[in-house]
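Take 1 as the starting number for the sequence shown in our numbering and just add one per residue.
Calculated directly from the structure, the hints in this document are not laboratory data. Careful, some of the hints might be misleading.
Quick list of simulated restraints, FRET-style, between CB atoms [said to hold, decoys possible]:
1. Val16 x Met316: 17 to 27 Å
2. Gly271 x Leu57: 50 to 60 Å
3. Leu57 x Leu19: 34 to 44 Å
4. Ile86 x Ala345: 44 to 54 Å
Straight-line Cα separation of at most 25 Å, SDA-like style, residue types lysine to any residue; simulated pairs [as the list claims (entries may be wrong)]:
5. Lys298 x Glu198
6. Lys47 x Trp177
7. Lys47 x Ala215
Yeah, the Cβ is synthetic: ideal placement off N, Cα and C, and Gly gets one too.
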Amino acid sequence: MTEEGRIRFWLIGGGVIALLLYLLRGILLPFVAGLAVAYFLDPAVDKLEARGLNRTLATFIVTALFFTVLIVVVILLFPILQSQIIGFANNVPAYVERLRLIIWPLFEEAGAALNLAGIAVPDSSEVRDAAVGFAGEAAAWLGGVLRRFWSGGLALFSVVSLLFITPIVAFYLLRDWDNMIDRVDGLLPRDSASVIREQLLLIDQAIAGFVRGQATVAMTLGIIYGLGWSIAGLEFGLILGLGTGVLAFIPYVGAALGFVFALMVAFAQFGPDFVPLAMIIGTFAFGQTLDASFLTPKLVGGRVGLHPVWVIFALMAGGTLFGFLGVLIAVPTGAAIGVLVRYAASRYRDSRYFVKNNEIKLEDSTS
1 MTEEGRIRFW LIGGGVIALL LYLLRGILLP FVAGLAVAYF LDPAVDKLEA
51 RGLNRTLATF IVTALFFTVL IVVVILLFPI LQSQIIGFAN NVPAYVERLR
101 LIIWPLFEEA GAALNLAGIA VPDSSEVRDA AVGFAGEAAA WLGGVLRRFW
151 SGGLALFSVV SLLFITPIVA FYLLRDWDNM IDRVDGLLPR DSASVIREQL
201 LLIDQAIAGF VRGQATVAMT LGIIYGLGWS IAGLEFGLIL GLGTGVLAFI
251 PYVGAALGFV FALMVAFAQF GPDFVPLAMI IGTFAFGQTL DASFLTPKLV
301 GGRVGLHPVW VIFALMAGGT LFGFLGVLIA VPTGAAIGVL VRYAASRYRD
351 SRYFVKNNEI KLEDSTS
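Model the full assembly from the supplied sequences, consistent with the hints where possible.
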């Protein structure tokens, strides 16, 4: 097969797979969840197998332990999360009003000081009306999003999928993981097998950095923030902390956005009271220090190689195309696409087209 034929084959094959995934997106969630669990637990099963345990028995032990812990956590946290999400969504307008009452006098004092200094500022009533209107619309939108997300999440994560389909899929994929890898390897074109293996290894490293590494980081930070902010007395501190941990999937800016949002809620609740605000800020500072000094270097390292803007785009594109399922698979898919794009760019730099154009430019510059 020629180089052009191989490119055409992979492009057509990728397009067909993407189309099938889009058409079947309504039933994919338990299978994708099972695949993610199998991928996450494979190292643990490999370690048990290396110690002489049968692969099937090792898979059963690891899978049973994982889903037992998961079900217990869900049973314990579900009522709390449900009440906090619904309560927070209903309280967003009240928080906006409290912030307006606290912050608006400060703006009026600042505007008066600027006017005395000879600096013209817009009329405070116009700014206030515009700000109140925008804040009200934003609050209504956020409350609606939270309620839709919760109801949509319940519809997607049905009891049948959670208790039956996902564990079964995870068990069989995990048990046959090595055999599936060998079978896929046996189907690779022999003249391209080494290159494909190299790219798949890079994709595996990139995805592992997020699925195994960044997920652990986000979960750890979410627990730290949720417990710390709840101890500080922050209303809905658990859901705000867990949400900030989830936002840590977006490097650099995700956790900061969650913290700013939590700080606004704290300011609306406590006002200028220093002690609870200091506890909330201190909890976030502790989590960020732990993340920068240990969690991310140890668990993620430099394996992901995704720009924050690309992560945000992947999340939005995945959510638009596949809904909640798309959000779950967006970052791993983006990591895989990033690896393939870097490989395509390196092949382009080695191609005759790139070299020939550079030679022409070099001749023009020397003539």
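Checked hints:
1. Val16 x Met316: 17 to 27 Å: For methionine 316 against valine 16, whose Cβ atoms are near 25 Å apart, the range 17 to 27 Å holds.
2. Gly271 x Leu57: 50 to 60 Å: Hint holds: Cβ distance 59 Å, inside 50 to 60 Å.
3. Leu57 x Leu19: 34 to 44 Å: holds, 39 Å
4. Ile86 x Ala345: 44 to 54 Å: Check passed, 47 Å falls within 44 to 54 Å.
5. Lys298 x Glu198: Holds, because 24 Å separates the two Cα atoms, which is no more than 25 Å.
6. Lys47 x Trp177: holds, 14 Å
7. Lys47 x Ala215: holds, 21 Å
Comparing the model with each numbered hint stated earlier shows that all of them hold.
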